[in-house]
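Keeping their order, the protein sequence lines are chains A and B.
Sequential numbering of the first sequence, starting at 1, is according to the numbering used here.
Sequential numbering of the second sequence, starting at 1001, is according to the numbering used here.
Just so you know, these hints were derived from the structure itself, not from any lab.
Some hints could be false.
As the list claims (entries may be wrong) - Listed next, the stretches of chain A that the computed footprint assigns to chain B, with coverage defined by at least 3 CB atoms under 8 Å from CB atoms of chain B:
1) 173 to 182
2) 245 to 258
3) 352 to 358
Stated by the list, open to error - Computed cross-link-like contacts, SDA-like style, restricted to lysine to any residue with a CA-CA straight-line distance of at most 25 Å:
4) B/Lys1110 - A/Arg368
5) A/Lys334 - A/Glu305
6) A/Lys11 - B/Tyr1033
Stated by the list, open to error - Ranges of calculated distance between the beta carbons of each label pair, as one might list FRET restraints:
7) A/Gly243 - B/His1168: 47 to 57 Å
8) B/Lys1181 - A/Glu160: 41 to 51 Å
9) B/Glu1138 - A/Leu97: 51 to 61 Å
10) B/Asp1119 - A/Gln546: 24 to 34 Å
11) A/Leu575 - B/Lys1181: 49 to 59 Å
12) A/Asp270 - B/Tyr1059: 44 to 54 Å
13) B/Lys1181 - A/Glu56: 46 to 56 Å
For clarity, every value in this text was computed on a predicted model and none was experimentally measured.
From the three backbone atoms N, C-alpha and C, an ideal C-beta is built for every residue, glycine too.
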Amino acid sequence: MLKGSLLSNEKGKRVILSGNEAIVRGAIEAGVRFATSYPGNPCTEILDTLLLVSKELGIYAEWSINEMVALEAASAASIAGLRSFVAMKHVGLNWALDPLMCINLSGIEAGMLVVVGDDPQSRASQNEEDIRFLASMSELPMLEPSGPAEAKDMFVWGIEVSERIKLPVLLRSAQRVSHGLEDVVLGEIIQPNVKVEFKKNEKYIVAGAGGRSVRLHEGLHKKQELIESIIERSPFNKVIKHGREKWGIISAGIGYGIAVEALKYYNMEDKFATFKLAAPHPLPKKLLRDFCSDLEAVIVVEDVEPYLQHNIRAVLAEEGINCKVYGRGSFNPKLVGEVTFNEVVSLIEKVGGEKLFSPASSRSHVARFRQMLISRPLTMCSGCPHRATFYAMRKVVNKMLKDKAIFCGDIGCYSFASQPPFQLIDLKLSMGASMGLACGFAKSKVDSKVFAIIGDSTFFHAGIPGLVNAVYNDARFVAVILDNLVVGMTGQQPSPSMGVSANGANTTSILPENIAQAIGVKFVKTFNPLDLKEAERAFEEAINYQGPGPAMLVSRAPCAVYVTRKARTRGERLLKYTILEDKCTGCGICTQQFGCPAIIIGENNKAKIDGDDCTGCGVCAQICPYRAIVKEGS
Amino acid sequence: MDKVWNIIIAGVGGQGIVTVARILAESALASGYKVKTTDIVGGAQRGGAVLSHVRFGDYVYSSIIPDGLADIVVGIEPLEALRTSLQYLKQDGIVVFNDRPVYPLTVQLKQQKYPPLVDIKSALLTITNKVFVVNASEIASSVGSRLATGSVLLGFMSAVSDIPIPKHNFYATIEGMFAEKVAKINIRAFEAGFSKGLEVSGQLK
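Pulled out of the complex, with its shape left as it was, chain A reads as follows (with noise of 0.2 Å):
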């Protein structure tokens, strides 16, 4: 169904596609050839919808080791005459700032753009941001669609757009646009006439001697008037106003269609005009000027911080037009997370000094039952083979080191271990930070053992240099590199060390060991976290290495979601276990010491294995004190 739509001819039809999936449906109408993104939610699905027909389309796809290289690559592409797009996350674009605000200098040549997915409230996500600054910050157009339709028909423009003005768009995806569905209207798909070719030109030499780049930066400003004008005809600006408003309402993405509704809810449109942003940057500053010239007061309806509040006021008192700018900044300031209609509301009520009721106002009895509402922490699969890495630290680390241990985490299903029972994650910031603080613990001489734990394909994307400055400086720590051959959180896509590429081809397996061999690293181990035995030997030795440099152990077993797929897409039943109950003393090493979702308690206090969630890991067996976990069967 959705390979069909994507590939669809019939002009016209309207069919289903998520926000991610329109995106990809608009690069294959704008003939896009080639594409690269580093997984990260919410626009993990991007690539993994292109892979679904990328090679039937012709359009080279890959899942670089980074945004930093898949930016770079797709630069690459687009001057080589290729309309190309790059996909990342929010916090992605932090690590390809550096390239993005060098190749906004030199330019480009084919329509290239840089979709960004936001991720305001945090839901899946290191940190919240508001990106939107990058775009001011780089001097590119930033395209906001309101929802999956326009997401698709943005990318078309977008790309006409780049290859007009010669520089990368961004266009941001917030979290409910790339996760949400809706009809699409597709539209023609273009054959572009392809010449792959580099002109060289000293425009693509930005760090050159007397003062090149400071020149191209002056070009860029000097671009901006015409990347304003561009943005002030945008087709997706869209003004509702009949003359007779007292106010008016503006904003770009999913906070559009939030407002409107909160209008037709409360029959006010007749007393808010309405206007939809093409882009929050930059500002079309004629069509504010003219929408807010007659208005006493304008709410500005955005996520997270007062972007378009504070840059529409500065427009308006620019312009010396004397209309009041209301929006999150305002009245009692919530300057995180999403907007919600509640929001909306209060501030028409502000505004309008109307008092509006809430559709849940009526039955506001409920609050009492809050109260059941038990928290719902993430946590590892069942049969996940971190579990079983963690199970057999916690046990090393009280044995030899009790307290004495100080455990720096990194980005991935692993630090759900900074839970109980295990709480083996002391600090969880961004992507690979694992390696440098422990690097800084180490080096500021802590009276504590100290750890950098981290997954494969973070070790890959930003751990690597870390451990070369461990090895480098000599900082004596453990670094436990937990090797699931994929990327587990986004949705198994393979990692460097599977030797798998996007597409399914096989390539060299690049295993983080060899990598730590040829840096000098000393000691070097890897077990498989299944067998607990051969796992607790590796903690003791690594603990007991006392230098120079750091010790690594590598903790190989595919993630147990990846094998389950696998064995389910092949018919094949995996092993299970079960709990004998007559042998069952009920004293909870499996359940509260181990945590497995698919050990659950039941009658009396005794384990038992839900065989539907059972991965077979047999894990579980080996920790039972009282032999009560079998193999099915036996």
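Starting from the known structure of chain A, fit chain B onto it as the hints suggest.
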């Protein structure tokens, strides 16, 4: 405002919430409606709470259902049905939920207690008397796979509500979305849920 149908699918990561929402969205489009949905995945990993808002009608402005405006909540997990209904379900709306709990890790670790099903039901009864508890996982297993639990609930919901989507549009969608074997199981699951729903609503009348 023309009628917009507001339905929320709630459950735990790995239960197929996003897939159920997609079946509903595709079936609504096939029935001639405009559709918008939004997912809230508590993390990209299993074990967290997951929500999908599905809205369809002649025109839909926003994908996000405002608090207290959901016509129907479909819970693949009891506690998540309660969590979602307390925030979103309108007075006298419909809530259909599976009776099989997925215990949070903290319950296994004995740090929190999972509320008894009867308490969940009586809390919901203060919002609406249209509360339906279904042994959906059991039914799904009996027709081929527990993974089809969502389809059982979708069938049940379709029988006890007035949603304007004919059954054959659900079946065509399921056939289009899955491989033959999986499609068959899901259609059987939908059918079983639908019959159960008719039976229960017949008893009410």
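| query | Per the coverage rule (Cβ-Cβ under 8 Å, at least three residues), is the stretch 352 to 358 of chain A covered by chain B? | reply | violated (count 1)
| task | Return holds or violated for the Cβ distance of A/Leu575 and B/Lys1181 against the range 49 to 59 Å. | result | For A/Leu575 and B/Lys1181 the Cβ distance comes to about 23 Å; the hint is violated.
| message | Does the beta carbon distance between B/Lys1181 and A/Glu56 stay inside 46 to 56 Å, or does it fall outside? | response | violated (25 Å)
| How about the stretch 245 to 258 of chain A: do at least three of its residues have a C-beta closer than 8 Å to a C-beta of chain B? | holds (count 3)
| Given hint A/Glu305 paired with A/Lys334 - CA-CA distance at most 25 Å | Holds, because 8 Å separates the two Cα atoms, which is no more than 25 Å.
| Do the Cβ positions of B/Asp1119 and A/Gln546 conform to the proposed distance bound of 24 to 34 Å? | For B/Asp1119 and A/Gln546 the Cβ distance comes to about 57 Å; the hint is violated.
| Proposed proximity, A/Arg368 with B/Lys1110 (alpha carbon, max 25 Å) | holds (23 Å)
| field | Whether the CB-CB distance between B/Lys1181 and A/Glu160 falls inside 41 to 51 Å | value | holds (44 Å)
| field | 47 to 57 Å as the expected CB spacing between B/His1168 and A/Gly243, which holds or is violated | value | holds (48 Å)
| query | CA of A/Lys11 to CA of B/Tyr1033, is that 25 Å or under? | reply | Holds. A/Lys11 to B/Tyr1033 sits at ~19 Å (cutoff 25 Å).
| request: Just tell me: holds or violated, for the beta carbon distance of B/Glu1138 and A/Leu97 against 51 to 61 Å? | output: holds (53 Å)
| In this structure, is the beta-carbon distance linking A/Asp270 and B/Tyr1059 contained in 44 to 54 Å? | violated (18 Å)
Consistency with the previously given hints fails for numbers 3, 10, 11, 12, 13, ordered from lowest to highest.
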